[in-house]
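Undergrad: Sequence:
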Amino acid sequence: MDDNSFFKSVYAAVRMIPSGMVATYGDIAAKVGRPRAAQAVGWALHVNPEPVVTPCHRVVNRFGKLAKNFGFGGMEEQQRLLELEGVEVIDGTVDLKKYRCKKL
DNA sequence: TATTTGACGATTT
DNA sequence: CAAATCGCCAAAT
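Residues in the first sequence are numbered consecutively from -4, following this note's numbering.
For the record, the hints were derived by calculation from the structure and aren't laboratory data.
Just so you know, not all the hints are guaranteed correct.
Derived pair list, reagent style EDC-like, types lysine to aspartate or glutamate, alpha-carbon separation capped at 16 Å [as the list claims (entries may be wrong)]:
1) Lys60 <-> Asp86
2) Lys60 <-> Glu83
3) Lys60 <-> Glu78
4) Lys93 <-> Glu78
Using the sequences and the hints given, assemble the complete structure.
TA: See below:
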């Protein structure tokens, strides 16, 4: 794509995450070609220009734990969304071995 | 303008 | 196996 912007690729990858599944920042980073740029991915979601098109709630850190400064209304809202999609969230933590999108 | 922090992760010692 | 360091991109100070 013309938009070789790192962020844009991140948004695209996050958007590809199927419902009922979650992905880690590292997975997305690797997906866009920067396996060590997980933090940059975090920044991408932080600026999240389109919170509706970019389901940040499906993105968690490597431990499967939700972020602390979630921008939609708090981790509680994010947890609620994940459970709504069929993801078992425990104390803001997701079972990556069950819900981690390996097919990204 | 330069330095540090920030939704993180992997690699190396 | 555990701890420390490097890498990543952008924004905030």
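Undergrad: Taken at face value, is the distance from the CA of Glu78 to the CA of Lys93 at most 16 Å?
TA: Answer holds: Lys93 to Glu78 is near 13 Å, not above 16 Å.
Undergrad: Holds or violated: Lys60 with Asp86, Cα cutoff 16 Å?
TA: With Cα atoms ~8 Å apart, Lys60 and Asp86 stay inside 16 Å; holds.
Undergrad: Between Lys60 and Glu83, is the straight-line Cα distance small enough, at 16 Å or below?
TA: Holds: Lys60 and Glu83 sit about 12 Å apart, inside 16 Å.
Undergrad: For the pair supplied as a hint, Lys60 and Glu78, confirm whether the alpha-carbon distance does not exceed 16 Å.
TA: 14 Å, holds
Going through the hint list in order, the structure satisfies each hint without exception.
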